[in-house]
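Chemist: Each chain, letter by letter, is given below.
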Amino acid sequence: MKKIILGLLCVALSQTLFAQQKINASTFGVLEARCLGPGTMSGRISAIEGVNKDEGKTIYVGTAGGGVWKSTNAGASYKSIFDKYCQSIGAIAIDQKNPSTIYVGTGESNMRNSVSIGNGMYKSTDEGANWKMIGLDSTEHISKIVVDPVNPNTIYVAAPGPLWSDSKHRGLYKSVNGGETWEKIFYIDEKTGCADLLMDPNNPSVIFISMWEFRRTPFSFNSGGNGSGLYKSTDGGKTFRELKNGLPQKPFGRIAMTLAPSDPKQMLAIVESANTGLFISSDGGETWNAQSATMNVTARPFYFSTIAFDPKDPNRVYRPAFSFAYSSDGGHSFTEASSDGGWVHSDMHAIWINPAHTNIIYVGTDGGVYSSMDRGVTWQFQHSLPVGQFYHVAYDLKEPYNVYGGLQDNGSWMAPSAAPGGIGNGNWSRVGGGDGFWTVPDIDGQTVYAEYQGGNMTRTNLQNMKGVNIQPQRTINEEKLRWNWNTPIVTGAKNPKNLYVGAQYLFHSTDQGRNWKRISPDLTTNDKNKQQQEESGGLSADNTSAENHCTIFTIAESPLNEKIIWVGTDDGNLQYTLNGGASWKNVSAQVALSGVAKQAWVSSIQPSHFDERTVYATFENHMYGDHQTYLAMSQDMGATWKRLNSDQFTGFAHKICEDFENKKLLFLGTEMGLFATLDGGDNWFRMKNGIAEYALVRDIQIHPKTHDLILGTHGRGIYILDDIRAIRNLKKEVLDQDVFLFPTPDITLSNGKLGWGGPEVSGGWGAGNPAEIPAITYYLKERLSSGKASIEILDAQQKVLQTIPATVRKGINKVYWNLRGTPPRVAAGSIKMEGAGFTAPMVLPGNYTIRLKVKDKEYTSPLTCVHDAGNKDLSMADRKLVYDKAMQLQQLFNQINDAIDTINAEQRLLKMDTIVFNKNKKMKADYAALQKIKAALVASTKTSIFADEERIREKVSALYGNFCSMEAKPNSMQLEAIEVLNKEFIEQQEKLNQILEERK
Amino acid sequence: MQKTLSMMLILFLSAWTSTLSAQSPDMQPLTTRLGEPTLEEIVTRHIDAIGGKANWSKIKTIKTEGTMKAQGAEIKITIYQKDKVAMRQDIAVMGMNGWFILTKTEGWNFMPFQGQTKPEPMTADDVKQAQDGLNIQDDFITYKEQGKKLELVGKDDVDGVECLKLKMKDAEGKETTYYLDPESYLIIKETEKIKANGQEVDNTTTYGNYKKLDEGIVMPMSIIQGYGETEITLYEINKPIDENLFKPSKS
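Sequence order for the protein chains is A and B. Sequential numbering from 0 applies to the first sequence in numbering that gives the first Met the number 0. Sequential numbering from 0 applies to the second sequence in numbering that gives the first Met the number 0.
These aren't lab readings, by the way, just hints derived from the structure by calculation. In this text the structure is predicted, and so the values were computed from the model without any measurement. Each residue gets a CB set at the ideal place from its N, CA and C atoms; glycine is no exception. Just so you know, not all the hints are guaranteed correct.
To be verified - To spell it out: a stretch of chain A is covered by chain B in this simulated footprint if at least three of its residues, at any positions, have a beta carbon under 8 Å from a beta carbon of chain B; those stretches are:
1) 117-131
2) 781-794
3) 816-826
4) 831-842
Said to hold, decoys possible - Sample of chain B residues facing chain A (criterion: CB under 7 Å; computed from the structure):
5) 72
6) 94
7) 112
8) 152
9) 156
10) 160
11) 162
12) 181
13) 183
14) 207
15) 208
16) 213
Let's have the full structure, built from the sequences with the hints guiding it.
Modeler: Here you go:
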């Protein structure tokens, strides 16, 4: 007996586990996010490589936070090919001997403060269709990959290594078996990594590397140290010796270098030092000569580390940096690219020169890819890479609503969430400059606030697009205001007229920033040791507010009580006020007790929509080398905290978002993905839904009217997952059913509010619109692998109006009814497709039934269709008139087809015996008479689809089509036309009847 | 015209690939042991699931009838296949009949609704590209003798099912990726990468509603491509097919 009980217990436990595992990304796989892009302002590009054999048509682009994109048409269009993996790309290399093999090193190596991290090397042997991780997973940053052109199983990888901590996982790595195993072949110390790597194409045993000592903290940056240096190996990396002859006094910072493929003894190096400069070698790096160079050639060496020779011409050199410069004399002098082709985004990091046609060059900037057809003199922007790096996203309450956001090095922008023809590049409007961060609309619908680096903020009037700076200023005897690079400017969740900004103090305005009131003391730790930013940069001064510290980073007003405001800082403080700022309570010590690193940035705060005392917060500590996902909640106003953990989590946490209707539904955005829970945080799953699985999800919003999930990502632009009510409403009682048909909201009868909009402009990134008709939504516990599924729409009399194929996926399914009945059939007789055969009148307002059939079971749900009261062109009486006339035309169309069928049948009968037919004049005459009637009824002689031949059926079809799509009162002549066509048909029908009568 | 041809090819390919899959609806799940199955095991289980090699080896002809619905309008499709000899696909819409024929050496299509007045021959390249379609046998049964390579590349979600993902490549580099249900070992989806005229296009087909036929093989009754679902109403196996159907005529 005990054995049986234990057995039952096991069953019960396994069922519980099964139930817990039921919900995952695939449950909602039918919900596919729209990527709004934009392509207008793209994102930072870190690598470009092309296939040499392919005339340069196949190009792979690696991005700072948007994965890898492939073009097979020289950049006319791109396709994302790395959606399941880390999105931060450091380097790409193609085995040019077998270009199906591609290597990707993750972890960008343009070491700015916002750079993301990678998780090692990946390899594809099928042109990017499938990928396999091949190690070096602790390097965090990879700057170069070189494949031996003679023996492509030999691969070298330059790994600068972690930016924020010491690490042994730096240096130069080598594989001799195509990446199966790796050996670290050159290493200096835990602070110095390998930044650049060159191979002599004529002698693959000759390797050059530059080593780089560097480090960031949250409040400083250092580029340079005695570890940095330039090295050469002539034995395939077995031994290296340092190249010093002619180079300046050490210490060095970052060194960028190149050699001429057509004459590998010719080399150039930009060496960061106390006197950063350009150096030329004509003897394979053995000796170097300093060469004067413009600021653009030598500026910001930690960030601009690319220089390249033309593959065929050793005198032609390209320096993509702050701007684009080129040399025609081997680097002795440089010229800036022309602006004739228009503005080219500054800050360049990647270049690919088509070796077959060296006039053609691609360059990767902080704002996307540009191509040149004239050796870099003029440039054209490639508009179809949606890899914008948003920091935040916001929405307004218009219909359709607009989204707002700020992007790394690309200002602040807004765009509609839907537009005629879909959202294209042209739908985006710029509302702020600089590195764009918080971009927040005011409740007045005419104003937007936008912040750019270091607390600079504007209020822009959307009527005239004029902006005014509204940054609070230091008052007398007050300390210098400390503004985070990504300073928060936030409107109130409870009272949207409240506007807040944070320096080390919190400021509040109720008049759109015209007047500010300081409502807090210094809420940070005010640690003076972390406020030495003017010393930052290392060998080259680099202090662009990115290192500002001890500042407010997060502000959140309770959605339930505007007096409750939470503030988080970049140095570990989490504080709240219950009285609009009169007094503050610091709960950082209590947070730390839950296991959150005490100095971690408070990256987001979500006061609950359901309970004033409940709050969620994310923390991130990656700037101290800690990549844990810190998410915690408190239900007692911060007195105690509970960590919410999951083995699903990857990446440090940026944003927690609680649904405003289902308090158990939470979304978490991290540096590597979007996660959701439907049970308040006990079980989490990675959201996929057409979203890059490791997207850098910086911000999450849920629109209160449309229920859309809006994501701001740092590398994949803005995503909208339309209408997440299917997720919100997926309760346990639904999951327990084999099939569950969700109630369908009332449907407003309309062809949509957006209109057609015309075809998309070619060459840009386009996002579609959300469905304008609510879906019929149902749940299947398992995918239906055998048996049929269908959906029937029944009218009030339970007559089937239309049968729709039902999808059979496991989890949520969505099917759309076109709000019409079944189109009329079309009789044979024409050589053209007849439009009427594909449409029917839109149904009238009223009650309908949805009947879902799955195998032999049926599930029904009522459905109400309502008149579109918002359409002033169509009264209810007009709608009824349009419907009645459309049905009248459908009936006429059916009668015509019946007549054609009758004629076809009679003609077949007449010709059944061709010998008799050919001898019988009367039969021939009848046949001809029938043919004449048919020719009057239907177009049957023209053979081109472009040749107009209108007979009665074509005219009725066209008029019927007009009435079926009509959303206004028909004009008088359209109504008369029905009678005219009816009369014309009757004439032919009478002739037909006469022949039939005679033939009886 | 190229567009028409491509569309016909897609329909055609969907037709022949529909013969790949099969499962007895009452078949028990096969993943009863611990650990992931090997490639060979997957192939064996798939062949078992579709009715077994012995049953498939008896299949010489198939006539398939189906209906596709587009916004309530119906398109009738009929396919005749004679193993390794010829195939024909008829499309009837609005009283018009179009067709596509392929033999070992030639191919034609006739699409009157596109304004065609007479059959048009396929190019030699297109005929060559389409030859694979003459093989009625499941590719998993014959891939080795056809010189194709099969590789297990991982798993992927299709319709909420974490499928086994297999890639098959022929000697000319044409790739087809199959997604198999890990319990039934039937194909849920396949994606064929078509490279033609300098372009690369993915042609995806999803299968469902598998049914065991009297002949012992298991076939999908639902075939979905980008333009909609074709519901199969009839599979007629090993009935003689009039050879004249594989010759071009005007109607």
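Chemist: Compare the structure with each hint and give your call.
Modeler: How the hints compare with the structure:
1. Given as covered by chain B, the stretch 117-131 of chain A passes the check, having 3 residues with a CB less than 8 Å from a CB of that chain where 3 are the minimum.
2. Counting residues of the stretch 781-794 of chain A whose beta carbon lies closer than 8 Å to any beta carbon of chain B gives 6, which meets the minimum of three for the stated coverage.
3. Using a Cβ-Cβ cut-off of 8 Å, 7 residues of the stretch 816-826 of chain A lie near chain B, which meets the minimum of three, so the contact claim holds.
4. Counting residues of the stretch 831-842 of chain A whose CB lies closer than 8 Å to any CB of chain B gives 7, which reaches the minimum of 3, so the coverage claim holds.
5. A hinted interface residue such as residue 72 (chain B) counts as satisfied when its beta carbon comes closer than 7 Å to some beta carbon of chain A; here the least separation is about 5 Å, so the hint holds.
6. Annotation: interface hint on residue 94 (chain B) holds; nearest CB of chain A at approximately 3 Å, less than 7 Å.
7. At a threshold of 7 Å, the smallest CB-CB gap from residue 112 (chain B) to chain A is about 5 Å, leaving the interface hint in force.
8. With 7 Å as the threshold, the beta carbon of residue 152 (chain B) comes within range of chain A, its nearest partner Cβ sitting at about 5 Å, so the hint holds.
9. Hint status for residue 156 (chain B): holds, given a least beta-carbon distance of 5 Å to chain A, under 7 Å.
10. With its C-beta approaching chain A no nearer than about 5 Å, residue 160 (chain B) sits inside the 7 Å limit, and its interface hint holds.
11. Annotation: interface hint on residue 162 (chain B) violated; nearest CB of chain A at approximately 10 Å, more than 7 Å.
12. With a least beta-carbon distance of about 12 Å to chain A, the hint placing residue 181 (chain B) at the interface is violated under the 7 Å criterion.
13. This hint holds: residue 183 (chain B) has a C-beta 6 Å from the nearest C-beta of chain A, less than the 7 Å allowed.
14. The closest approach between the C-beta of residue 207 (chain B) and any C-beta of chain A is roughly 5 Å, which is under the 7 Å cut-off, so the hint is satisfied.
15. Given hint, residue 208 (chain B) at the interface with chain A, holds; its Cβ is 6 Å from that chain's nearest Cβ, closer than 7 Å.
16. For residue 213 (chain B), the suggested interface contact is broken, since its CB lies about 16 Å from the closest CB of chain A, more than 7 Å.
Violated hints for the displayed structure, listed by number in ascending order: 11, 12 and 16.
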